[in-house]
Amino acid sequence: MAVQQLSAESLAEKIGVGVPGSLSATSGNASDNVLWVKPSSVADVAGFLKSDAGLDFNFLNSISAIDYINHFEVVYHLTSLNKQHMAIIKTRLDGREQLSLPSVYHLWRGADFQEREIWDLMGISFSGHPNLKRIMLWEGFEGHPLRKDYL
Amino acid sequence: MPIQTEPMTVNIGPQHPSTHGVFRLRVTFDGEEILEVEPIFGYLHRGTEKLAEERNYTQIVTLTDRLDYVSSMINNQAYCLAVEELLGVEVPLRAKYLRTLTAELQRVASHLMGIGFFLQDLGTLGTPLMYAFRSRERILDLFEMLCGARITLSYMRPGGVFFDAPDDFWPALDQFLHDFETEYKEIEHLILENEIVMVRTRGVSVLPLDLAINASVSGPSLRASGSDWDWRKKAPYDAYDRVEFDIPTATGGDNYDRFWVRIQEIHQSIRIVKQCLEQIEPGPTRANVPLILRPEPGTEAYGRVEASKGELAFYVVSDGGISPYRMKVRSPSLINLTVTEHLLVGWKLADMIVTLGSLDINMGEVDR
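Residue numbers (my numbering), protein chains in the order written: chain G, 34 to 184; chain U, 168 to 535.
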């Protein structure tokens with residue numbers, strides 16, 4: 034059976050009940066099928082997606098960050114190996130300084146290196162990560178080279 | 168009188184013969200026993216994701232070759248799938264078969280290397296490695312006939328493949344498949360029931376299934392722990408929905424099972440190649456796409472394949488320009504290393520090298 038992508042509406046409905054007040058207004062195309070979450074609620078929503086028996090998102094495929102100059106987007110690709118479905122969660126961080134998101138390390142160990150990489154190259158820190166230090170570059174390196182204003 | 172021992176911290180690598188590239192492990196030992204491990208990487212970091220923002224969509228194919236450089240065909244494939252999804256391009260059927268066929272040959276080549284170096288790390292001093300390389304060389308020869316390159320192939324392009332296979336490719340492939348049957352039997356006979364391999368690898372560095380899933384481990388390392396998750400089945404791309412194959416799995420999650428799963432996967436890959444050969448029909452090999460591609464602004468795609476190391480994906484975001492606004496590489500080698508500490512602590516120095524070999528990482532892909 035092929036893996037299905039869950040519709041953002043059905044997810045939003047469940048999260049509206051499970052973690053009220055955690056969703057943010059949709060930006061971007063409705064056809065993208067993306068669930069937009071408030072930055073402060075990322076770990077709560079992730080925890081719900083993982084523990085809800087019907088959703089059961091037990092596999093974190095990847096975490097990506099994108100620099101849009103005035104704001105950053107962080108994208109979580111998730112899959113449930115048991116329920117055979119996937120979802121895309123996005124959050125938007127405004128500004129360029131002192132950016133921080135709650136870590137999902139305690140939910141998925143797979144977030145370990147990926148959050149460190151985003152901190153290293155994009156300069157978004159993750160609160161609650163037990164070992165948040167640079168991963169590709171060395172400690173003491175100045176700047177975050179994947180940002181658009183770095184070269 | 169008991170002998171007092173003190174913990175000692177040692178650097179294994181960078182530039183150590185058994186670290187599969189420029190990889191460094193900071194290990195604290197008590198005698199031979201491992202107390203703490205910290206993997207340190209970045210020595211091969213070339214900023215591929217940043218470079219991609221300065222290249223056009225066609226040029227980036229060459230960057231993907233240099234990620235997992237023993238598996239560049241599959242890297243090309245993942246990237247091209249992402250760009251095709253961005254553009255909404257349908258790939259011609261013959262190109263789909265050519266891609267599936269070459270990707271499976273590449274998987275065989277990559278797994279042969281994985282198996283060969285795993286045994287090298289066990290201390291077999293070259294013999295199985297040379298057996299594996301003998302067959303791998305034949306596959307590289309086939310690739311050379313297709314595109315003139317052996318390692319950094321860039322054979323696939325957004326919309327299909329660069330060129331149709333030349334006429335003399337098909338008899339050469341038949342000859343390879345014929346010879347490989349015997350060659351691979353020799354390799355299996357040499358290693359599969361080998362007592363030393365069994366004793367050294369059975370029950371060592373066990374990765375339980377729940378931890379493997381929680382740590383986002385994918386590919387043969389996940390399937391050796393009991394899952395049958397394979398993106399070729401779960402979200403078929405190119406011609407994988409038109410061929411039959413099985414997913415070899417094991418339940419032990421130890422070094423032997425990771426090694427065993429790769430050995431069995433080679434059989435399935437050859438099975439897929441043979442079916443592609445039977446089914447492939449003449450036709451165009453590339454969709455009509457321009458050299459300079461401009462996907463719609465605001466579109467994004469997650470091109471995902473089951474690579475030889477695990478789930479490889481390119482997350483590409485377009486702003487309507489000739490280069491991606493952002494290209495993120497989901498690297499299976501990097502993420503599979505998340506479990507390094509769990510696998511190694513409590514085991515001995517000699518097991519450490521073998522465990523690292525059983526994960527089959529590639530530093531080009533870890534550091535990017």
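Keep in mind the hints are simulated off the structure, nothing from the lab. Just so you know, these numbers come straight off a predicted model, no measurement behind them. There could be a bad hint or two in this list.
As the list claims (entries may be wrong) - Taking lysine-lysine pairs in the BS3-like style, the calculated list, with each CA pair at most 30 angstroms apart, reads:
{"#": "1", "chain 1": "U", "residue 1": "Lys515", "chain 2": "G", "residue 2": "Lys47"}
{"#": "2", "chain 1": "U", "residue 1": "Lys217", "chain 2": "G", "residue 2": "Lys116"}
{"#": "3", "chain 1": "G", "residue 1": "Lys83", "chain 2": "G", "residue 2": "Lys116"}
{"#": "4", "chain 1": "U", "residue 1": "Lys217", "chain 2": "G", "residue 2": "Lys71"}
{"#": "5", "chain 1": "U", "residue 1": "Lys515", "chain 2": "G", "residue 2": "Lys166"}
{"#": "6", "chain 1": "G", "residue 1": "Lys166", "chain 2": "U", "residue 2": "Lys401"}
{"#": "7", "chain 1": "U", "residue 1": "Lys441", "chain 2": "G", "residue 2": "Lys47"}
{"#": "8", "chain 1": "G", "residue 1": "Lys83", "chain 2": "U", "residue 2": "Lys401"}
{"#": "9", "chain 1": "U", "residue 1": "Lys441", "chain 2": "U", "residue 2": "Lys401"}
{"#": "10", "chain 1": "U", "residue 1": "Lys515", "chain 2": "G", "residue 2": "Lys83"}
Hint check:
1. U:Lys515 x G:Lys47: Since the Cα atoms of lysine 515 of chain U and lysine 47 of chain G sit roughly 48 angstroms apart, the hinted pair is violated (cutoff 30 angstroms).
2. U:Lys217 x G:Lys116: 36 angstroms, violated
3. G:Lys83 x G:Lys116: 12 angstroms, holds
4. U:Lys217 x G:Lys71: 27 angstroms, holds
5. U:Lys515 x G:Lys166: 28 angstroms, holds
6. G:Lys166 x U:Lys401: 35 angstroms, violated
7. U:Lys441 x G:Lys47: 46 angstroms, violated
8. G:Lys83 x U:Lys401: Holds: lysine 83 of chain G and lysine 401 of chain U sit about 20 angstroms apart, inside 30 angstroms.
9. U:Lys441 x U:Lys401: 22 angstroms, holds
10. U:Lys515 x G:Lys83: 36 angstroms, violated
The earlier numbered hints that this structure contradicts are 1, 2, 6, 7 and 10.
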